[in-house]
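Chemist: Chain by chain, the residues:
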Amino acid sequence: MPRTLVEIFGNPLIALGVGIAAVMTVLSLNVLFCIWFERKVSAWIQRRLGPMEVGPHGTMQTVADMIKLLGKQLMTPKGIDKPLYHLAPLVVFAPVVAATSLLPFSQSVALSNLDIGLVLIFMFSGFAVVGIFMAGWGSNNKYALLGAMRSVAQNISYEVPLILSALSVVLMVSAYNGGVMEVDGQKIGLNGLNLSHITLVQHSSIWFIIFQPIAALIFFTATLAETNRAPFDLPEAESELIAGFHTEYSGMRFGLFFFGEFSNMFIGAMVATVLFLGGWDGPFLPGPVWFFLKVYFLIFVMMWVRWTYPRLRFDQLMTFCWGILTPLAIVNLLVTALVLKVVSG
Amino acid sequence: MSTQHHPPICLEKAHDDETYYLNMGPQHPSMHGVLRLLLKMRGELILDCDPIIGYAHRAHEKMAENRPWIQFFPNTSRIDYLSGMIYNLGYCEAVERMASIEVPERAQVIRVIVSELNRIQSHLLWFGTFLLDIGGITPFLYCFDDRERILAILDRVTGSRLTYSYGRFGGVSRDIDDVFIEQTRGFIKRMGEQAPMYRKLVHDNIIFLKRCDGVGVITKEIADAYGVTGPNLRAIGVEYDVRKAEPYSGYEKYDFEIPTRTTGDCLARFEVRVAEMEQSCRIIEQALDRLPDGPIKPAKLIKKLKPPAGEYYFAVESARGHFGMYFVSDGGDVPSRIKLRTPSFSALSAMPDVLEGTMVADTIAILGSIDIVLPEIDR
Chain A
1 MPRTLVEIFG NPLIALGVGI AAVMTVLSLN VLFCIWFERK VSAWIQRRLG
51 PMEVGPHGTM QTVADMIKLL GKQLMTPKGI DKPLYHLAPL VVFAPVVAAT
101 SLLPFSQSVA LSNLDIGLVL IFMFSGFAVV GIFMAGWGSN NKYALLGAMR
151 SVAQNISYEV PLILSALSVV LMVSAYNGGV MEVDGQKIGL NGLNLSHITL
201 VQHSSIWFII FQPIAALIFF TATLAETNRA PFDLPEAESE LIAGFHTEYS
251 GMRFGLFFFG EFSNMFIGAM VATVLFLGGW DGPFLPGPVW FFLKVYFLIF
301 VMMWVRWTYP RLRFDQLMTF CWGILTPLAI VNLLVTALVL KVVSG
Chain B
346 MSTQHHPPIC LEKAHDDETY YLNMGPQHPS MHGVLRLLLK MRGELILDCD
396 PIIGYAHRAH EKMAENRPWI QFFPNTSRID YLSGMIYNLG YCEAVERMAS
446 IEVPERAQVI RVIVSELNRI QSHLLWFGTF LLDIGGITPF LYCFDDRERI
496 LAILDRVTGS RLTYSYGRFG GVSRDIDDVF IEQTRGFIKR MGEQAPMYRK
546 LVHDNIIFLK RCDGVGVITK EIADAYGVTG PNLRAIGVEY DVRKAEPYSG
596 YEKYDFEIPT RTTGDCLARF EVRVAEMEQS CRIIEQALDR LPDGPIKPAK
646 LIKKLKPPAG EYYFAVESAR GHFGMYFVSD GGDVPSRIKL RTPSFSALSA
696 MPDVLEGTMV ADTIAILGSI DIVLPEIDR
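First to last, the protein sequences are chains A and B.
The first sequence begins at 1 in my numbering and counts up by one.
The second sequence begins at 346 in my numbering and counts up by one.
FYI, nobody ran anything at the bench for these hints, they're computed from the structure.
Treat the hints with caution; some may be incorrect.
[What the hints assert, rightly or not] SDA-like, lysine to any residue: derived pairs with alpha carbons at most 25 Å apart:
{"#": "1", "chain 1": "A", "residue 1": "Lys142", "chain 2": "B", "residue 2": "Leu390"}
{"#": "2", "chain 1": "B", "residue 1": "Lys649", "chain 2": "B", "residue 2": "Asp490"}
{"#": "3", "chain 1": "A", "residue 1": "Lys40", "chain 2": "B", "residue 2": "Asp490"}
Since the structure is predicted, the reported quantities are computational estimates derived from the model, not experimental observations.
Let the hints inform the model, and build the full structure from the sequences given.
Modeler: This is the structure we're talking about:
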């Protein structure tokens, strides 16, 4: 089992400080890298070079952009709902930090090790939609409101197949080896909601993408929708709604939304890695390296999809969720439960 | 769907609490140019739509009344900046017919070649922006890569990329050379090679099909009522093309087809335009094969043009449809009146009937698919 920060430092306050610093560092580095990576991937797909000027191969471009964003004037439109408008970027951003702290990056060390890790992650990632709706409602802009309405409908709908497909993994973990596993010489009761347990089971058997290909596909598709990535980027469809819910945000307020969006993508990829790709499990290289390799591979696939497909229409998006993904996820979950019952007797 | 005129919705007073008005444009990322749509909506559903135009009005028709015939010529490519060559040469052709000026054979063939190149260029730009409107960003850059090659070819011979002013009354300004022919043949070969890639990327894409199939149907009645022409009309199944119906510049000598579809939706318009690009390539190939030697303009260019008094109407097929020019001459060297009939205006006029009952996303897709150019509407 991974040791948590509290176990390492003893003092919970020190552990909290170190944890926040670590999470913020990881998230900031991830956003810096992802923005550059997204621009490079889109450039490669579109036969361009992408950013090349600032730093070697434009690696410092995002830093320059961040400085620019920091220096920009914060425009505040008239007629806004002040508390909602100002709080919204924070409400989008804060759950991201909380969710990141729950994920097991390696075999030996984790920021926390909770028995309800998976539930908390879904809760935190579902929380961002509140911030998005606050932004859309508070901006006093019809495009922002339309974007926010789309976002709420979309996120709530796609959470259903997302959680249903994750549940089939939870069932498999809980039923593995009669629910008991020997780790470091001591027997532990397996808990399907504990992210470390999910990884450990995959470490000692095989990755769940082999057992649960349909669930993996559903989970990945729903993650795309949850993180508002193309082809499901309707809340900020630039050709329809200008910038959607963040139309009226400028400067670093917009920066926080941007930060939240890329971090959500990061978290989505991390959860998918833990659930289906075995987390830190892999030969030769140390655990965290494998973990981040898998995460960035998934992020690359997300970008690849984004720069290849056009956007769905709103009603098609909802039909796809309720008409295809959700029934498929339910059937998959039932079949999983049935097979597990038969196998385990 | 009714095709009768209705009062502007901004003048309506009574509406229930569920509806609201949305101003789309003139500064909106996917309003091509400076179109403003006043939308009456319920949720995402569009109940009524009122296109408001005039933001790019430059009084071209009035300008024509204040300058000699030749000086209005550069204006024509600025009316529809995407098929500037076709407008330029169309204007020349009209004046030539009016003043009975002979055009040498070589000049006519050159006109056909550059006009068709211009048409492909316009369709390529439309292809990219249409995909951009429905959320596909990558095809846009591929199209612009190809389009850039046409612009480079035309730039070399005309000295300009967008507003060419290449025509002269009685011919064209500069002769084409072997490099031009080689480049053009190379481009047509390249288009043939690119076609499967575009098909895979766009036309076989399920999301693209879902977004376009059955969306934004322009019926025959609507097209009749508003005078919709060009690819938008051919997508309904009407085989009307000025190049075939009233041939000019020797189009009757070329072997090409008028691509038509029957459904009249966004997908049909898409397919018609893609097929038209192929037909344009065919025309260019034939023209390059039969390019005769000889002069490209009259030995003595007309300095002071004074067409005989009277009225004259002449039309060409621009990339967007039937572009008509109605001239009134009083026998002087300044036009008495020029009236231009532009295809985008008709297509946009039909929009309120088509957009009714669609969703915001469809509105953008439909507006993108009819291929309008705002300066041409406002003039």
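Chemist: Evaluate each hint against the coordinates.
Modeler: Hint by hint, here is what the structure shows:
1. Between the alpha carbons of Lys142 of chain A and Leu390 of chain B the distance comes to roughly 14 Å, so the proposed pair stays at or under 25 Å and holds.
2. At most 25 Å may separate the alpha-carbon atoms for a hinted pair to count; Lys649 of chain B and Asp490 of chain B exceed this at roughly 42 Å.
3. Of the pairs offered as hints, the one joining Lys40 of chain A and Asp490 of chain B holds, with about 18 Å between alpha carbons and a cut-off of 25 Å not exceeded.
When the structure is compared with the earlier hints, a violation turns up for hint 2 alone.
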